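Colleague: Sequence:
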Amino acid sequence: MSESPARRSGFAADVLKLASGTTVAQALGVLIMPLLTRLYGPAAFGVLALFTSVTSILGVIACLRYEMAILLPETDEEAANLVGVSLLAAGVIAALSALLVTLGRPLLLRLLNSAALGPYLWAVPVMVLSSGVFYALNYWNSRTKNFGRLSAVRVMGAVGAHATKLAGGLAGHATGGMLVVATLLGSGLSAGVLGRRIWRDDGALFRRSIRLSRMRESMARYRKFPLIDVWSALLNTASWQLPALMLNYAFSEAVAGHYALGVRVLQMPMSLIGGAIGQVFFARAAEAQTEGALDLVVKNTFQQLSKIGLFPVLAVAVAGRDAFSVVFGAQWAQAGVYAQILSLWFFCGFIASPLSSAITVSGKLSFGLLMTVLGLATRAASLLVGGLLRSPELGLAALSISGCFVYVLLLRKVFAIAGVPAREALSSLWQVLLAFAPAGSLLVLIQILRLPPWITVVAMGLAIVIYYWRLVRRDAQYAELVKRVLSRAQSRR
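The working numbering puts the first residue of the sequence shown at 704, with every later residue one more than the last.
By construction, these hints were calculated from the structure, which means they are not laboratory data. Watch out, some of these pointers could steer you wrong.
As the list claims (entries may be wrong) - Pairs of lysine to aspartate or glutamate residues, derived as EDC-like cross-links and limited to a Cα-Cα distance of at most 20 Å, are as follows:
1. Lys1002 with Glu780
2. Lys848 with Glu920
3. Lys1116 with Glu1127
4. Lys848 with Asp905
5. Lys1116 with Asp998
6. Lys848 with Glu777
All figures in this text were calculated on a predicted structure; none of them were measured in a lab.
Modelling step: build the complete structure from the supplied sequences, incorporating the hints.
Modeller: Below you can see the structure in the form of structure tokens.
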């Protein structure tokens, strides 16, 4: 039994709508990043990494995870009340965050080991509120399947943030604080524009449906999310943000900045395609769970993620240092080393993170929490070893190995829930490994011969382009995606 063409086509179309906006936003980031890394130093990016870590940890629980339940009700009226619950929770958490940064400011700065972040702690509760509002609206948008609207909003937010960073750097304000303010501006712009458009289209439904009594009923009905999933999300986000915090505390803001850039580059495919596929997968998986077709959705999604993500990750693992020094400047070569060390871990996350929604829709929230606790513990232990040995590289190597182990356990559980044989799903990985062998051998040879770094970058770029060109020619789903992209581009002329 195979997934129906209609379902696969609809899945690809929804991913395209989300990924098109994300592609533009990420493309802007890719184009401007070489300029920013020559305007801002590693220490400035380290300050931004600390701010992002703190606000991400608080922001992910801003809605108490009620936003995750917005997709589940049968009626839009009940889902609208969950939006109300989520927004109310975001306001409360933001207010508590304001108290935290006001009353606990001295202790917080000591724990973060960053005096440069002090003048910008006021932005923490604002960012938490903005993130919470966006999360709630984002899931309502997924429920209504208006993915094109979200794409436009992402582009607007990216343009606002990147333009502010570039203008600040060129004006001589190339500080971590400027990066913080620009990030806050982009987040607020995205939340504001998305909220305005949703209110324009669905405001009448919200006014008609949202009542305090119904909100209380929804809070009680979906209480598992704040009672169980909120801890899983908090721990999961904390485990992701922990490296920047611990590297800054044990070493310096510059080390945290190198790590932040390496992670950002590795996360690009995750946020570009993996995030879009994950959001669409969550909506499809919820439907497939009731239809008994979850195995088909999981298998197809795993195979597509493998084909998309593995090849460039392997290229970074072989030639990351040279690529970073050429693209971002010589002072960022160490960030390339960190990217090499972490590349396979991020690929495992690229695969596992979108598919982990299968655990949510199947109600296995306790297992997700267990994996998150394990991930946090192993990451903390790995970084502690690196700190004690005074070696960021050893700490990150241990982090990468332990992270891969945790993701493999998570994928095994997803396959078991969906009833997908692991061997059958993993066949796509071998295909990509075989395709990478010639290019990988060439990149290794270039490293051995110690040819100029730009030659490595050219070879790496050509190999990636050829791989995706062949992928599009051989796989009808990717060919259809490209045709849709071209038709959209032509229609906008």
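Colleague: Take the hints in turn and mark each one as holding or not.
Modeller: Evaluation of the provided hints:
For a cut-off of 20 Å, the pair hint linking lysine 1002 to glutamate 780 is broken: about 33 Å separates their Cα positions. For the given pair, lysine 848 sits about 25 Å from glutamate 920 by alpha-carbon distance, which is inconsistent with the 20 Å threshold. Among the hinted pairs, lysine 1116 with glutamate 1127 is consistent with the structure: their alpha-carbon atoms are about 15 Å apart, no more than 20 Å. Distance restraint check for lysine 848 and aspartate 905: the Cα-Cα separation of roughly 13 Å lies within the 20 Å cut-off, and the hinted pair is therefore satisfied.
For the proposed pair lysine 1116 and aspartate 998, the alpha carbon gap of about 12 Å is at most 20 Å, so the pair holds. Restraint check for lysine 848 and glutamate 777: satisfied, since their Cα atoms lie roughly 15 Å apart, inside the 20 Å limit.
In this structure, the earlier hints numbered 1, 2 are contradicted, and the remaining ones agree with it.
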